[in-house]
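Chemist: Here is what each chain is made of, one letter per residue.
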Amino acid sequence: MHDLVAITALGGSEPRIDTVGTVTCSEVPGVALASVAARLDQEKKAAKALTKLTGSPAPGVGRFDGAPVAAFWTGPDQWIAEAPFESHEDLAEQAKAALGDTASVSEQTDAWTRFDLGGAQVLAVLELLCPLDTRKMTYGDAARTSIHHLGCFVLCRSPEAYSLYGPRSSAGSLHHAIVTAMRSAL
Amino acid sequence: MTQGNRLSGGQIDRNTTLNFRFDNRSYTAHPGDTLASALLANNVRLIGRSFKYHRPRGVLTAGSEEPNGIVELRSGNRQEPNTRATTIEMFDGLEARSQNRWPSLKFDALAINDRFSNFLSAGFYYKTFMWPAAFWEKLYEPMIRRAAGLGSLSMQEDPDEYDKGFRHCDLLIIGAGPAGLMAALTAGRAGADVILADEDFALGGRLNSESFALNDGAASDWAAQAVAELSSLPNVRLMPRTTVIGAFDHGIYGAVERIGDHLASLPAGKSRQILWRIYAKRTLLCAGATERPIAFENNDRPGIMLASALRTYANRFAATAAQRVAIFTNNDDGHRTAADLHAKGVKIAAVIDVRADAPINHDYEVLRGAQVTDTKGRLGLNFVEVALADGSTRTLECGALGVSGGWNPNVHLTCHQRGRPVWNDDLAAFVPGADLPPGLSVAGAANGSLSTYGALRSGAKGAMKALDLTGSLPDLPAAEDAPVFQTPFWYVQGCSRAWLDQQNDVTVKDVKLSHQEGFRSVEHLKRYTTLGMATDQGKTSNMGGLAIMAELAGKSIPETGTTIFRPPYTPVPIGTFAGRMKGQEFHPTRLTPSHYWAKERGAVFVEVGNWLRAQWFPLPGETHWRESVDREVRQTRASVGVCDCTTLGKIDVQGSDAAAFLNRIYCNGFAKLAVGKTRYGLMLREDGIAMDDGTAARLAEDHFVVTTTTANAVKVYQHMEFARQCLFPDMDVQLISTTEAWAQYAVAGPNSRKLLQKIVDPEFDISNEGFPFMGCGNITVCGGLRARLFRISFSGELAFEIAVPSRYGDALMRRLMAEGKEFDVVPYGTEALGVMRIEKGHAAGNELNGTTTALNLGMGRMVSKKKDSIGSTLSEREGLNEPDALKIVGIKPVSQSDKITAGGHLMDASGPVDAAHDQGYVTSAAFSPSLDSHIGLGFLKNGGARMGETMRLVSPLTDLTIEVEIVSAHFVDPEGERLRA
Numbered sequence: 001m002h003d004l005v006a007i008t009a010l011g012g013s014e015p016r017i018d019t020v021g022t023v024t025c026s027e028v029p030g031v032a033l034a035s036v037a038a039r040l041d042q043e044k045k046a047a048k049a050l051t052k053l054t055g056s057p058a059p060g061v062g063r064f065d066g067a068p069v070a071a072f073w074t075g076p077d078q079w080i081a082e083a084p085f086e087s088h089e090d091l092a093e094q095a096k097a098a099l100g101d102t103a104s105v106s107e108q109t110d111a112w113t114r115f116d117l118g119g120a121q122v123l124a125v126l127e128l129l130c131p132l133d134t135r136k137m138t139y140g141d142a143a144r145t146s147i148h149h150l151g152c153f154v155l156c157r158s159p160e161a162y163s164l165y166g167p168r169s170s171a172g173s174l175h176h177a178i179v180t181a182m183r184s185a186l
Numbered sequence: 001m002t003q004g005n006r007l008s009g010g011q012i013d014r015n016t017t018l019n020f021r022f023d024n025r026s027y028t029a030h031p032g033d034t035l036a037s038a039l040l041a042n043n044v045r046l047i048g049r050s051f052k053y054h055r056p057r058g059v060l061t062a063g064s065e066e067p068n069g070i071v072e073l074r075s076g077n078r079q080e081p082n083t084r085a086t087t088i089e090m091f092d093g094l095e096a097r098s099q100n101r102w103p104s105l106k107f108d109a110l111a112i113n114d115r116f117s118n119f120l121s122a123g124f125y126y127k128t129f130m131w132p133a134a135f136w137e138k139l140y141e142p143m144i145r146r147a148a149g150l151g152s153l154s155m156q157e158d159p160d161e162y163d164k165g166f167r168h169c170d171l172l173i174i175g176a177g178p179a180g181l182m183a184a185l186t187a188g189r190a191g192a193d194v195i196l197a198d199e200d201f202a203l204g205g206r207l208n209s210e211s212f213a214l215n216d217g218a219a220s221d222w223a224a225q226a227v228a229e230l231s232s233l234p235n236v237r238l239m240p241r242t243t244v245i246g247a248f249d250h251g252i253y254g255a256v257e258r259i260g261d262h263l264a265s266l267p268a269g270k271s272r273q274i275l276w277r278i279y280a281k282r283t284l285l286c287a288g289a290t291e292r293p294i295a296f297e298n299n300d301r302p303g304i305m306l307a308s309a310l311r312t313y314a315n316r317f318a319a320t321a322a323q324r325v326a327i328f329t330n331n332d333d334g335h336r337t338a339a340d341l342h343a344k345g346v347k348i349a350a351v352i353d354v355r356a357d358a359p360i361n362h363d364y365e366v367l368r369g370a371q372v373t374d375t376k377g378r379l380g381l382n383f384v385e386v387a388l389a390d391g392s393t394r395t396l397e398c399g400a401l402g403v404s405g406g407w408n409p410n411v412h413l414t415c416h417q418r419g420r421p422v423w424n425d426d427l428a429a430f431v432p433g434a435d436l437p438p439g440l441s442v443a444g445a446a447n448g449s450l451s452t453y454g455a456l457r458s459g460a461k462g463a464m465k466a467l468d469l470t471g472s473l474p475d476l477p478a479a480e481d482a483p484v485f486q487t488p489f490w491y492v493q494g495c496s497r498a499w500l501d502q503q504n505d506v507t508v509k510d511v512k513l514s515h516q517e518g519f520r521s522v523e524h525l526k527r528y529t530t531l532g533m534a535t536d537q538g539k540t541s542n543m544g545g546l547a548i549m550a551e552l553a554g555k556s557i558p559e560t561g562t563t564i565f566r567p568p569y570t571p572v573p574i575g576t577f578a579g580r581m582k583g584q585e586f587h588p589t590r591l592t593p594s595h596y597w598a599k600e601r602g603a604v605f606v607e608v609g610n611w612l613r614a615q616w617f618p619l620p621g622e623t624h625w626r627e628s629v630d631r632e633v634r635q636t637r638a639s640v641g642v643c644d645c646t647t648l649g650k651i652d653v654q655g656s657d658a659a660a661f662l663n664r665i666y667c668n669g670f671a672k673l674a675v676g677k678t679r680y681g682l683m684l685r686e687d688g689i690a691m692d693d694g695t696a697a698r699l700a701e702d703h704f705v706v707t708t709t710t711a712n713a714v715k716v717y718q719h720m721e722f723a724r725q726c727l728f729p730d731m732d733v734q735l736i737s738t739t740e741a742w743a744q745y746a747v748a749g750p751n752s753r754k755l756l757q758k759i760v761d762p763e764f765d766i767s768n769e770g771f772p773f774m775g776c777g778n779i780t781v782c783g784g785l786r787a788r789l790f791r792i793s794f795s796g797e798l799a800f801e802i803a804v805p806s807r808y809g810d811a812l813m814r815r816l817m818a819e820g821k822e823f824d825v826v827p828y829g830t831e832a833l834g835v836m837r838i839e840k841g842h843a844a845g846n847e848l849n850g851t852t853t854a855l856n857l858g859m860g861r862m863v864s865k866k867k868d869s870i871g872s873t874l875s876e877r878e879g880l881n882e883p884d885a886l887k888i889v890g891i892k893p894v895s896q897s898d899k900i901t902a903g904g905h906l907m908d909a910s911g912p913v914d915a916a917h918d919q920g921y922v923t924s925a926a927f928s929p930s931l932d933s934h935i936g937l938g939f940l941k942n943g944g945a946r947m948g949e950t951m952r953l954v955s956p957l958t959d960l961t962i963e964v965e966i967v968s969a970h971f972v973d974p975e976g977e978r979l980r981a
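Protein chains in written order, with full-length UniProt numbering: chain A, 1 to 186; chain B, 1 to 981.
To be clear, the hints were calculated from the coordinates, so they are not data collected in a lab.
Please note that the accuracy of each hint is not assured.
Selected chain A positions facing chain B (in silico; Cβ < 7 Å) [unchecked claim]:
#1 HIS2
#2 ASP3
#3 LEU4
#4 PRO131
Residues of chain A placed beyond 10 Å of chain B at every Cβ, according to the derived structure [stated by the list, open to error]:
#5 SER26
#6 LYS45
#7 GLY60
#8 ASP65
#9 ALA67
#10 GLU86
#11 GLY119
#12 THR138
#13 TYR139
#14 SER158
#15 GLU160
On a predicted model such as this, the values are computed, not experimentally measured, just so you know.
Here a beta-carbon is modelled for each residue, glycine too, at the ideal position from N, C-alpha and C.
All chains should be built: construct the whole structure from the sequences, respecting the hints.
Modeler: Quick look at the structure:
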């Protein structure tokens, strides 16, 4: 077991939590990610193999599915698998094992930072952040969007709970945008 | 007298009294007032001075079309110039000042301009300030700008927050008058997702301004009930205080919501305004109509207003501009104002109607077939002169004159995508044409339905049509439905100083002059006279101007045409466009994994793209950046240094065709690169010019990691993705960026291996034999953490790059520093990195400057002839392969104390210094601690054959001429022994 201590994307030893009104923004470092991209002419096999990893059919356009390993759609025959970091730090290896030569797998755990946004008025915050029609999103929807000029993914966990993935190096800027929008909206 | 012109009734809250100040005098008002209504109620008619002639002006309108009543609102760093008093919602403590006057509003020294009006007509500046040309910028323009103009900026940073947001709907309804409210009720009851936006703080539009009934109650009560019903519908979002400023592509509308403008102070964290981007499947424009004035001599005195505005002030705001009022009209609507004011106890001096058959009234005099020919009153209207039908004249005493020339539909948003309005003869006005923005339709007065019932019906029908609703129309309230015919009457014959555009001081005479001087197209008229170019965009003036031009040119108005309406519909503060993106948050910042550690070390940061990179790490006692940088270079070359190079782009390339793909992307060969090896690669653009360089490490048969320069990381990824998807779709290759995923550090210097051996787990052999130069592989560090190691060198030293998952980057840097203490390890920044790469002769961004080829860079032979790659064919173009082509060289000063300057040009030792004799130029320069001399890299014609030549380095811009010697670009370790050690 190595002895290096991780820091969160915002530079803390503990995840940052901000609450304004009814909405809470939580930094979520405890997630492992791996990109899965089907190899040429292996698309069907890859989608099938992904099911082995997630226990659910490979999600279609704009959707996510699966537990404890979930996958969200990122492009044609491309997904990002997500799972709890504690139990799946080696998610990329697990994904590669499941998908074999049907897909290219790349570790993406620390390419992203995740903020979970939850609360009764979460939509009022989201409409200040991204052009998605989040009012129409339901459980299982996942979409790529732009927040504060950053390419992000937004996943709808419930009508009052969303996960936002943005580039890890810009976690500070993304967090600032989210918290500013929370103060503005709530 | 306090609120001496306050009338009975109105939609103001008399239970609460608000205090405000205008030009440092205190007044009182009530909630529901605007600044304009409160000033009128307080018997203040004089509000500002005009733009050019500094003539006294008051408010003309009661809405956003206001040209005259513009003030500086608030004070200090929140001061906002050119704010329309007619739209400023009253709050307690409001503070406003008049503009464009000195020393005071009542006595303005520059009112002298008015006396010289003959010299200040349209085109005056163009004709007068012609000579000498150089005086324009330095003398004339600043002078004119001081004399003419509007409000002033505080020159301080705006402390308020602004925001942007996004909303979606099935139907966006713009304007909440009778048409908009009825449309919203129709759509909302049908369950559609509706947004109803209105610029006013009270929804209802003209319904709040009129005295007539809807069903059995007041029109304003019906509006309030409609708003209450809409508020109860979860699928309807009401957006008062929201101006839709533009119709953009694909059903997207810009809208500015004023969140805090009506508050004395913003709650913490709240945005003052939000710029919404509204994505609407369908849009119904119910923007209403704007009353148009009639031009007559001296028609701009405070107290002369649109008749409908007088009615709005009386009915909605319970205020009158004066106790004795006259009306000048060409249509029945002007009579409504007279009747309403009379009912409120205001004395009607007379109604002057240009029509011989005007309706008469028993309560006050109606002068049929009469016209206003002049007015009097220095700081406000006192008298109007009327030419009666029988040719005689009469002087009427009055403090206000309501003018009504008919109504113009507000077609502006229908024209934002170059749609042209069409002329309607019955209304003598432009109405929306057929060429509307896709998805937009128009209802109500904006579409020419000028009666209240017509507007209600049109709104309901418009909503049903937009949403494809079937069935019969909803029940409509009983409302006035008087037929509207408007006979044009634009100006009183014989007038000259009759104002059309009151904000830009354009008169009928100016339009005539424009015609006389040949500026007859409406676009020329606009630019020559500045008609319609002020902040009100000519909402009350354009029609009059082009009607007069049409008459002079002997054409019809539709033949003469209109100018183009453009967004924004009303002025928008720049801060609103910026939103959250200001100051440090102007763009996102990217932080390296070692950022927090570097900050603790006192690093000086530099922005590289969006990244903040440590530039150098000053130590106590170091007073100049060079001391720090020189030390970092010396210490790295002497022992070991560590630099965060995470910012270099990393692209994961996988797939069975990964090697073949890279063979196409790079000009040099990659197909045969062994697993566990790294190779330097050069990418060319399609035109053969060098695009980017970097390395590709082969981690497996089907897996490479490509590195790019920091600056080109995104561009190269885009380029490769384009090539993958569009050029080589048959290749089995997958790409993903991993730049952020891995914290990557360069560990360079003769002791780098020793340092790394302390953290790389012992099962991995990183000796020279076990891990030779250009080796790469997956390893573990610090007891099992997955990592990647590359033996590559940018500094020219024995060097490695080590990568761990980013979350451990901070800990790894601290560990390297701790373990490196025994070697006197030094962190180095981008400056030292730059110095060492120049010493080693490595090309970087300065050399890959978009004009250089592989040949120029001394890598001509890298462009493989054995395979096809992007750019290889065009790199063979004749012009890029001249015998004397530029080649990269090293440059040293002959005199050691001389400094090489990047950007300087190389000239022969003797001869002329001019472009024709240019031999090349310097791209990079630095002080080399290793050589104890300034050095540089540059491009020199036939440079490879000119080693040892003495030349002149010149920079005429900085008056520099020094002697330099041309040397190899590899100043340090030209044989590469160190990096292979």
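Chemist: Give a verdict on every hint.
Modeler: Quick rundown of the hints versus the structure:
1. Hint status for HIS2 (chain A) relative to chain B: holds, with the closest Cβ pair at about 4 Å, below 7 Å.
2. Contact between ASP3 (chain A) and chain B, as hinted, is supported at the beta carbon level, the nearest pair being about 6 Å apart and thus within 7 Å.
3. With 7 Å as the threshold, the beta carbon of LEU4 (chain A) comes within range of chain B, its nearest partner Cβ sitting at about 4 Å, so the hint holds.
4. The restraint placing PRO131 (chain A) at the interface with chain B holds, with a minimum CB-CB distance near 4 Å, inside the 7 Å limit.
5. The beta carbon of SER26 (chain A) is kept farther than 10 Å from every beta carbon of chain B, the shortest such distance being approximately 17 Å.
6. Listed as a non-interface residue, LYS45 (chain A) keeps its Cβ farther than 10 Å from every Cβ of chain B; the least gap is roughly 13 Å.
7. Under the 10 Å C-beta cut-off, the non-interface status given to GLY60 (chain A) relative to chain B holds; the minimum distance is some 19 Å.
8. Even its closest Cβ contact with chain B, about 21 Å, leaves ASP65 (chain A) beyond 10 Å, as expected for a residue assigned away from the interface.
9. Look at ALA67 (chain A): its CB is around 24 Å from the nearest CB on chain B, clear of 10 Å, so calling it non-interface holds up.
10. Taking the minimum C-beta to C-beta distance to chain B, about 13 Å, the non-interface status of GLU86 (chain A) holds against the 10 Å cut.
11. The Cβ of GLY119 (chain A) sits about 16 Å from the closest Cβ of chain B, beyond the 10 Å cut-off, so the non-interface label holds.
12. At the 10 Å boundary, the C-beta of THR138 (chain A) stays outside the reach of chain B, the nearest C-beta of that chain being 15 Å off.
13. No beta-carbon of chain B is positioned within 10 Å of the beta-carbon of TYR139 (chain A); the least distance is around 19 Å.
14. At the 10 Å boundary, the C-beta of SER158 (chain A) stays outside the reach of chain B, the nearest C-beta of that chain being 19 Å off.
15. Consistency note on GLU160 (chain A): stated as away from chain B, and its beta-carbon is indeed over 10 Å from all of that chain's, at 16 Å minimum.
Violation of the numbered hints given earlier is absent; every hint is satisfied by the structure.
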